[in-house]
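There are 4 protein chains.
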Amino acid sequence: MQETTKNSCIRRLERIEGQVRGLARMIEDGRYCIDIVTQVTAVRAALRRVEQEVLRDHIGHCVREAMESEDSRKQDRTIQELMDVLVRSQS
Amino acid sequence: MQETTKNSCIRRLERIEGQVRGLARMIEDGRYCIDIVTQVTAVRAALRRVEQEVLRDHIGHCVREAMESEDSRKQDRTIQELMDVLVRSQS
Amino acid sequence: MQETTKNSCIRRLERIEGQVRGLARMIEDGRYCIDIVTQVTAVRAALRRVEQEVLRDHIGHCVREAMESEDSRKQDRTIQELMDVLVRSQS
Amino acid sequence: MQETTKNSCIRRLERIEGQVRGLARMIEDGRYCIDIVTQVTAVRAALRRVEQEVLRDHIGHCVREAMESEDSRKQDRTIQELMDVLVRSQS
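Chains as they are written, first to last, in this note's numbering: chain A, 138 to 228; chain B, 138 to 228; chain C, 138 to 228; chain D, 138 to 228.
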């Protein structure tokens, strides 16, 4: 992964870690369920953005590199593994 | 929220906090993108289960209570707010 | 289900049926993959709106009715079945 | 798109068209909301599989071809457009 992607993802994950701790506190404090679910949704969306940054970097570098190689088995494996992770990430 | 739901959700969130920290470490260690995306997907699924527990408790208690009340404005508001949070949580 | 919900959902489904036929035509015509995926996403979103209308009606009527009943087994079953359908619909 | 992908997607879409008509009938017949939502979920999942087939073909052919070209603007545009459609399709 590119250094800029790494740094950006790590900063996002640090914020997400704080949000997860904040969620535990909301529950301890007996906050209203609807506010908690709204906040869980926000944290999932933030994780989605990490996922998208990693995928963009992966397609822009690992997939590109595999495609530029002459190794057609490597190309097939790269496409297979990208599709598998996309399918898993959709649920 | 019921005490058992609270405790279960807080325990889940503590594990999720550890998973988020683990994710930052995976990125620092230069782990393969596909493994990172797979793990982000797992954390999102774990948050989904927190959300589902909170919603189940909410429907079983807050919604039930609103419906048992004679206050039809409260009933309408409760349904509206449940639908809104469901719609938001689907994305 | 309320008559207005029924009519609105049936009209939506008629439009969706046309969109699905249009999708098959796009594929036959050899349209660009990205345009096809964009259109599949639009049809899935349209189905989501049908689902939300049905759920809103269900919560506003079936769930409300179950909660107003004195039958606590019926209440539990209604909540269980609502949660089950929500969990399934999230994937 | 490859002929086999085209044919497979068109067959899937024909089945989906029938499922959408079936859904309208379920609503007209006053079937239980939960059964309707379950069926809408099944149709959305079937559309998801069409989307995945198209994407797999797209990555295996259009993206591969762009990557094999020496045209770096074409490569960038292909990655950008793939990421955009993935982001849209996640909601």
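Hints are computed from structural coordinates only; laboratory data are not their basis.
Just to be clear, a hint being listed does not mean it is correct.
One copy or two, it doesn't matter: identical chains are merged, so the pair holds either way.
As the list claims (entries may be wrong) - Subject to a maximum C-alpha distance of 25 Å in a straight line, what follows is the list of computed SDA-like cross-link-like pairs (lysine to any residue):
hint, residue 1, residue 2
1, Lys211, Arg148
2, Lys143, Ala179
3, Lys211, Arg149
4, Lys143, Asp166
5, Lys211, Ile147
6, Lys143, Arg158
7, Lys211, Asn144
8, Lys143, His198
9, Lys143, Met163
10, Lys211, Arg152
11, Lys211, Asp172
12, Lys143, Asp194
13, Lys211, Gln156
14, Lys211, Arg162
15, Lys143, Arg186
16, Lys143, Arg181
17, Lys143, Arg193
18, Lys211, Arg193
19, Lys143, Asp172
No experiment lies behind these values; they were computed from the predicted model shown.
**OP:** Find the hints from earlier in the document that the structure breaks and name them by number, from lowest to highest.
**Re:** Hint check: 1, 3, 5, 7, 10, 13, 14 fail, others pass.
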